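In my numbering, the protein residues as written are 1 to 239.
Possibly wrong hints are sitting among the right ones.
Said to hold, decoys possible - Listed below are the simulated DMTMM-like cross-link pairs for lysine to aspartate or glutamate, each with C-alpha atoms no more than 20 Å apart in a straight line: (1) 175 with 78; (2) 76 with 86; (3) 109 with 5; (4) 175 with 73; (5) 76 with 3; (6) 175 with 3; (7) 211 with 3.
What the hints assert, rightly or not - Between beta-carbon pairs, the in silico distance windows are: (8) 23 with 76: 51 to 61 Å; (9) 76 with 5: 23 to 33 Å; (10) 82 with 7: 23 to 33 Å.
It should be emphasised that the hints constitute simulated quantities derived from the structure, not laboratory data. Keep in mind that this is a model prediction, so the values were computed, not measured. Idealized CB from N, CA, C, for every residue including glycine.
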Amino acid sequence: MIDSEIIVLCWTAATIGFVHTALGPDHYLPFVMMARVRNWSFAKTSWITILCGGGHVLSSIVLGLLGVFLGAELMKLELLESYRGEIAAWLLIGFGLAYGIWGIHRAVKNKPHSHLHTHEGGIVHDHPHTHVSDHAHVHDHESTARDLTPWILFTVFVLGPCEPLIPLLMYPAAKSSLGGMFLVTGIFAAVTIVTMLGIVMLGTWGIGFAKLGKLERYTHAIAGGTICFSGLAIMFLGL
């Protein structure tokens, strides 16, 4: 029989999991933007989101369990979570900034220009030309970046804490029962990951309709700037 306190904590876990995720742009903007500029399929975007969301939640769960079983003071765990949050935010800022600079370099290199061609009979014409998109092959450095991007995001999310999980849910639930604690934690984890996945899929679907025209070659730079903004929002706005 589940006592009333655990039931209340289950509802609280579901609510906090949803609100915490929906209000944190870092939980979904990086995936939406990377899916757009890297042409990830819905399937690939989904598994990357689930992988990063799972790592994000699991790292805090492991820390919380260690705290419960080792009798660590809540204040020390909150301080550790705060440090982890700062590291994750700076990594997100750094990754977004670096990717944005690379995107600007790529856009400048890919600036459209014209080439004149002379045909038999003295016919001369020109046509627009870009050095990056006109090549059918994939450059090695772009291929490497494409492979590493999901793992960079995964590393950032593993380091990023779920701030409300330990003090508001795990420790109060552990006072009632371990079973109750695992139930509350599981609900929080499930709602967090499902919310992440839902917003990412909706955002990916919606951004697919965006037509940037001449700004299309700046999409990588825009993606990097958006990710950098997400990190700044965590660091300075507490989102």
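Which earlier hints turn out false for this structure, listed by number in ascending order?
-> 3, 5, 7, 8
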